[in-house]
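K.L.:
Take a look at the letters that make up each chain.
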Amino acid sequence: MYSLAIEIPYWGQSLLRVLGGLVAVLLPAGTIVYVFLFKMMSFMQSRLGPMEAGPYGSLQLIAEVGKWLQKEDIAPEKADVRIFKMAPIIVLLSTFLLVVVVPFGPDAYFTDFSVGIFYALAVGSVSVIGILVAGWASANKYSLLGGLRAAGQLIAYELPMVLAVVGVVIQAGSMNLQDIVVAQNTGQIFGWGGLGNPYVITQFVGFVIFMIAVQAELTQAPFDMPIAESELVSGYMTEYSGFRFLMFFIGEFATAGVFAFIASVLFLGGWGVPFGWFGWESLDQVSNWMNIGGPLIMFTKMMVLTFIIMWVRFSYPRFREDQLQRFAWKVLIPVSLANIVVTAILKVAF
Amino acid sequence: MTTSITGAMLLAADGINIAMNVGFGIIAAIMVFAALSVVTTRNVVHGALWLVVVLGGVAAQYLLAGAEFVAISQVLVYIGAVMVLFLFGIMLTRAKIGADTDLNNSSWGLGIPVALLMLGVLVWAVIDAFGDTVITDRGPTPTVEISDAFLGPYLLPFLAISFVLLAAAVGAIVIARKD
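So the sequence lines, in the order shown, correspond to chains S and C. In terms of this note's numbering, the first sequence opens at residue 1 and continues consecutively. In terms of this note's numbering, the second sequence opens at residue 1 and continues consecutively.
Hints in this document: simulated from the structure, not taken from any laboratory. All C-beta atoms, glycine included, are put in the ideal place defined by N, C-alpha and C. Treat the hints with caution; some may be incorrect.
Take a look, some chain C residues computed to stay more than 12 Å from chain S by CB distance [unchecked claim]:
(1) Ile79
(2) Ile127
(3) Phe163
The calculated BS3-like cross-link candidates involving lysine-lysine, where the alpha carbons are at most 27 Å apart (straight line), are [claimed, not checked]:
(4) S:Lys85 x S:Lys67
(5) S:Lys39 x S:Lys330
(6) S:Lys330 x C:Lys178
(7) S:Lys141 x S:Lys71
(8) S:Lys85 x C:Lys178
(9) S:Lys85 x S:Lys141
(10) S:Lys141 x C:Lys96
(11) S:Lys39 x S:Lys78
(12) S:Lys39 x S:Lys71
(13) C:Lys96 x S:Lys78
(14) S:Lys71 x S:Lys85
(15) S:Lys39 x S:Lys85
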């Protein structure tokens, strides 16, 4: 597998991994914000969106980042300043830790972790702590209410998310994301391997549950009760300004990108093309050019999935708190449990 | 070439990974400091956050020992669920910002002998079980082995624990129900 002509020392590899991680998190975040939040939302609402900075407003994001960076770093007088300043870092950190296990090509991964998807779900849940203490440390009743709502919602929707993934893990027989990609691209549908076996077909129920749970975990509308601007100002983010607000903002859209990466690995075949197309039989035979093509395929799939997330966000009105909780506990969790049982029975039967 | 040289330097002759032991020491020191901060801090929420550091340190130690699945479970269950529930509970009831004066109750001194007793039992158990055995660097434990173990020879304890948890869940529902 190591076919590089030059040997990179360990510190060089680590540096490249860090840079790769920054690109894999920040590039999707920036693209999502410009393409979907600035432009698509504007077109859906019959307006142009930002047009002044750069051609078609494409440099608007850089202008915004510059604006946020030069703002004063304000903490409320009665706030718990240390915790207040730490909270957005916890949220952003959990996003960067998430991308570590996502494979982008046969050799283009950060780490080959045997319990990859389990790790992603565990690390994804750490951001709840950041949100909760952000709400508390702001010394603001709206913030505290927003933080508590966010925690309640994130706990409720983490369960269907984990349970939806179990179906995929049962079918692939592995928790390693690289193995899940290979299993999909070498799989066959009733003996026909022309498309591989992307799990969005066999695990469609799991896919839908996973995407709904992702929508809720990202607190995007219709699940944006925690930052409901008409009643809570801006929820746990109310007191934040300047670059700490920017961190929450990047965290929100970067996490959307990373969760879309994970969903495309789990359900859409990840970086791979069906191996049969090029006569590959296992991971070792995959050509080297897939290390370039793989990230592009992943990026395309990520854009498709985040398009769906944003489309839903701009289209549907907000759930009420009780509807939101009832939907998680009484609909999603029973359905995902049934999905696990059916998947396990079919796995043993075939 | 370079990696193999550093690898040889870090791996002493009898298969002990020195870098791993250094890492263990650093993480252990952080954990001890965080654990002391949990009981000495004057704010409940700060105490809970220090506890998060301790539990994260435990997960890091599991990773160093090659127990990947246990480490991730530690993060998912203790940091992602138990600590969030702790913070949730604290914030719903009493969570003042700033120092709290009445955090200690009158019998806090009793905790010290109990903690020392626990330490003694754990140290004795570890020394009794391993003694002078040198544990070499074995690499991570495959998750498949763990699942084979608890769905095979340990199936009965696994089911028993599930039953206990089910009973606890039913009990919680009975207590919470109004009618």
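K.L.:
With a cut-off of 27 Å on the C-alpha distance, tell me whether lysine 330 of chain S and lysine 178 of chain C pass.
P.N.:
19 Å, holds
K.L.:
Take a quick look at whether lysine 85 of chain S and lysine 67 of chain S sit within 27 Å of each other, Cα to Cα.
P.N.:
19 Å, holds
K.L.:
Just to be careful, I want the Cα atoms of lysine 141 of chain S and lysine 96 of chain C compared with a cutoff of 27 Å; is the pair within it?
P.N.:
Between lysine 141 of chain S and lysine 96 of chain C the Cα gap is close to 12 Å, so the pair holds against 27 Å.
K.L.:
Within a Cα-Cα threshold of 27 Å, do lysine 85 of chain S and lysine 178 of chain C meet the stated pairing?
P.N.:
41 Å, violated
K.L.:
Regarding the pair lysine 71 of chain S and lysine 85 of chain S, is the alpha-carbon distance no greater than 27 Å?
P.N.:
15 Å, holds
K.L.:
Are all C-beta atoms of chain S more than 12 Å from that of phenylalanine 163 of chain C?
P.N.:
18 Å, holds
K.L.:
Would you check whether the claim that isoleucine 79 of chain C is not at the interface survives, using Cβ distances to chain S and the 12 Å cut-off?
P.N.:
Since the minimum Cβ distance to chain S is about 6 Å, isoleucine 79 of chain C lies within 12 Å and the statement is violated.
K.L.:
Lysine 39 of chain S and lysine 330 of chain S: Cα distance at most 27 Å?
P.N.:
With a Cα-Cα distance of about 36 Å, the restraint between lysine 39 of chain S and lysine 330 of chain S is violated, given a limit of 27 Å.
K.L.:
With the threshold set at 27 Å, check whether the alpha-carbon distance from lysine 96 of chain C to lysine 78 of chain S stays at or below it.
P.N.:
Given pair lysine 96 of chain C, lysine 78 of chain S holds - Cα atoms ~11 Å apart, limit 27 Å.
K.L.:
Is the Cα-Cα distance between lysine 39 of chain S and lysine 78 of chain S 27 Å or less?
P.N.:
39 Å, violated
K.L.:
Is the hinted pair lysine 85 of chain S and lysine 141 of chain S satisfied, with a Cα-Cα distance of at most 27 Å?
P.N.:
18 Å, holds
K.L.:
Taking C-beta pairs only, is isoleucine 127 of chain C more than 12 Å away from all of chain S?
P.N.:
31 Å, holds
Checked against the numbered hints listed earlier, the structure breaks hints 1, 5, 8, 11, 15; every other hint is satisfied.
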